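Novice: Now for the letters of each chain:
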Amino acid sequence: MANRDTGKNRMRLSGLIKKEAYQIIRDPSAIGIAFLLPVILLLIFGYGVSLDAEHVPVGLVIEKQGPEVSQFISGFYRSEYFDPKIFPSIQEAERALMHREVVGIVWTRSNFARTLLNTSDAPIGVIVNGVDANQARIIEGYIMGVWINWLHQYARSKGVALQVPVNVKYRIWFNSAVRSRNFLVPGLIAVIMTLIGGMLTSMVVAREWERGTMEALLVTPVRKREIILGKTIPYFVLGMGGMAISVAMAIWVFNVPFRGSFWALSLSSGLFMLTAIGLGLIISVTAESQFVAGQIAIVITFLPAFMLSGFVFDIGSMPGPIQAVTHLVSARYFVSILQTLFLCGDIWPIFIINCLWLAGMALFFFVVIRKKFKKRLQ
Amino acid sequence: MPSGTEAKSISDKDGYVLIADQVTKTFISAKNKVIALDNCSFKIRPGIVTGLIGPDGAGKTTIMRLASGLLMPDSGTIEVLGLDATRDYLQIQASIRYMPQRFGLYEDLTVMENLNLYADLLGIPPEERPARYERLMKMTGLAPFTGRLAGRLSGGMKQKLGLACTLIKPPSLLILDEPTVGVDPVSRRELWDIVYSQVKERKTSVLLSTSYLDEAERCQEVVLIHEGHILGHGKPEEFSKPLSGQCFMLSVPKEQKRRLQAELANDPKVVDSIILGEKIRLVLREPVEPSKVSSLFELANVEVMDVEPRFEDAFMWRLKKRMEEQGEEIHFRTIAHHKVSGSAGEDVIVVKDLVRRFGDFYAVKGISFSVKRGEIFGLLGANGAGKTTTFRMLCGLLPASEGKLMVAGKDLRKARAQARAKIGYMAQKFSLYVDLTVRQNLRFFSSAYGLTGKRQTDRIEWALDTFELKNMENAVSGTLPLGYKQRLALAAALMHEPDILFLDEPTSGVDPLARRQFWAHINSLAEAKVTIMVTTHFMEEAEYCDRVVVMRRGSILASGTPEELKAKYHPPGEDNPTMEDAFITLVEMQENG
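Sequences listed follow chains A and B, in order.
All residue numbers for the first sequence refer to this note's numbering, where the first residue is 41 and numbers rise by one.
All residue numbers for the second sequence refer to this note's numbering, where the first residue is 833 and numbers rise by one.
Each statement offered as a hint is correct.
Calculated lysine-lysine pairs in the BS3-like style (CA-CA distance at most 27 Å, straight line):
| # | chain 1 | residue 1 | chain 2 | residue 2 |
| --- | --- | --- | --- | --- |
| 1 | B | 1073 | B | 1153 |
| 2 | A | 58 | B | 970 |
| 3 | B | 1302 | B | 1171 |
| 4 | A | 412 | A | 58 |
| 5 | B | 1184 | B | 1197 |
| 6 | B | 1089 | B | 1204 |
| 7 | B | 865 | A | 412 |
| 8 | B | 1261 | B | 865 |
| 9 | B | 1361 | B | 1204 |
| 10 | A | 48 | B | 1035 |
| 11 | B | 875 | B | 1032 |
| 12 | B | 865 | A | 414 |
If you want the footprint, here are the derived chain A segments under chain B, 3+ residues with CB under 8 Å:
| # | stretch |
| --- | --- |
| 13 | 60-69 |
| 14 | 252-263 |
Quick list of simulated restraints, FRET-style, between CB atoms:
| # | chain 1 | residue 1 | chain 2 | residue 2 | range |
| --- | --- | --- | --- | --- | --- |
| 15 | A | 407 | B | 1034 | 38 to 46 Å |
| 16 | A | 265 | B | 1153 | 50 to 58 Å |
| 17 | A | 46 | B | 871 | 43 to 51 Å |
Just so you know, the hints here were simulated from the structure itself, not pulled from any lab data.
Please read all numbers here as calculations on a predicted model, not as lab measurements.
Virtual Cβ for every residue (Gly too), placed ideally from N, Cα, C.
Work out the full structure, taking the sequences as your base and the hints as a guide.
Specialist: What follows is the structure in structure tokens.
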């Protein structure tokens, strides 16, 4: 008798999973969200969006040519960060700045070479468009870099060591090329999985309410946990598929280093997937139309994963109350794990703490679903 | 032990499969408390088909959801197969089958995949499936379509598939929520055959809901429900029998029938009077000799025949009694509409070789007909026959692919706006702004038709008065009862005093009283020479029309007066055919070439 019952239970669950699989295969929007969207997002963030300042159009005002000036200027041409443009006068350069043709101006006066020779204290003027503060600071730093570089060269050519009281030697760890892609792409994996887990799941359950199929389903011997599992398992698989695609693209298309272990990645992704699906199912219990479910899902899963996970915006530099809110966003823990695994390796303290958070959240969500999901209407 | 026999033994103990005892259920919607069921008690016998009959919003679906454990009553108890539906719903769900109103099919799964899903959910061992599927496919005629997506099936086939899915494991109690609504008469008859074959072969008990009163006679017992109250329970003939000798058919001169019917409807001696084709059907409060009917109402040139009472007569009788008990007076009102100019014989709508394509699908395949001034003209057909598409083209909402369309003397392809100003349109499901109040809706629709200033205020007052909406003018439209919504929608369509009125499925699902009031309005408009065009899938409604065309799959099968159609197309041996008989005969003739 018991044997027969487990057989029937398994039959019901596999029936539900098969049904869901057919629906996923036949629904272009599900395929789109699960497979196309990750690729598009990765391409946008991998190639399009970059937080690095590269090929910055910068205006160079050279009032008087000379060997020193050309040597200094050539530093800008050699750098991949700059796209220099020569202007004969500061007025023209300023006009170009106003028209956003350039974002910064480096101004060498006509007396540059002379003062340099006489007093070794030659000023250059630097103007940066400060509208985008973040970019302005980066550009400022780059110009400084070119300047210091040139100073060393110049001193060496004169046979003297540059007298600087403190000598800074940079070492950039983990992302030595300082490519923003290297931390954006891993973080993006969390966003993609949130989309599949949270949005897709909440909408497909709402669809069953809308089309009346849920009502028919509820009046069969099917159990509550089977309905929940019947939704969780297929979307778990789908989400992990989306993750695999993203990881593969990250490593082989965008050449993001991966220094951790794959089993750690799989474990943490699995946990994160459960939190995303859990939240999606909670939404679906509350919202009974696809439209509402979609709206809620965007507001409480996708947007937080995008903005509060530390994927683009650094959590450490957020104001205190917002930092506190980020603790409620499961993507935050996963982004932290992903960035560590990709750029650093298996750092157990970070890995374990974040995994515990994820596991706790997943557990909480599924307890809530079991409580809230009723085999009844209303 | 299979659970089916287990359940049966439980139900045998007290002899009923379902006992509702003083059940009350309320819903809260938009801050209003809606009483869906008010102290309802009834018992359903095993092994027969019990019809749960009542108009939309009567509480039918609520009863079915309560019985299948999807809802809990506020007070009272429901026992199903001897089990308490509130407590033991899991056990109940193992032995009943419930088909909700919208089939509960997965439209993106094929017929076979749907069957497999339900077989999995109901725990049918794989080795038993082929035999069961074969039986079901034979019964439903779905065998050629097993690989087709359920969403691509016609309405009738969807319902049959839904039924097949619920019957994979024959239940002891089968609960079907409006399985025949919106289905063409042929499929409707087949669905009934399937239900009865289950009852005969397996002694299944069936509870089936419908808003079609003519289906009552197909049930073995009927529970009649209206606005959450049980109005009666018994065999269908027990409902109608007491009215024997009170029902008559009057043959009257054609030009008098509407005026006469309107007079009779408000006569205190009359329970009901409706137009049926060329005749008037009359139900009186007291039995009278047929020969005395004429003198009773001082009628001249009228031929009176006594007829068998129908279920609908009984419903009307009970409704009227209930309303009188509550001190409400029933008075059918007419509409004061300016007399439309022009002669009665002239063609107001002319349709010639009209075609509408959507991609490579022909929704309308070259139809032709014309409608005369002051006529009530019906477009008859099942869902998907092309009625609504035709309608939208006539109203200028949808351009025609090919063919000629003249409305009110204007070519719709050239002068759409001018034609539209003469048209009133009442869309399916009433298309009101549900968040606006009654008055706001009227104000909006009147200004949409270009009414301003004093004329607008006058018309709004006229509408509130004529359609008895005054006491509801500040109620939010979405919360109104169906009958009120219908009146409001009609008022909105008449704000600009159109010459032509288009009504798309105007009375589907409303109670017989509201339907009569509606037709009283329509008849008085026709008297004022307003041309009225109606679509309906409700065969009986065709009887109210002067002429009809019957559509199926985008083509016209037949046209003529309801009398002509019934006389021409009826099953052999049937001497009192209904419109539905005529429709089925027509379809069969078409299919057999």
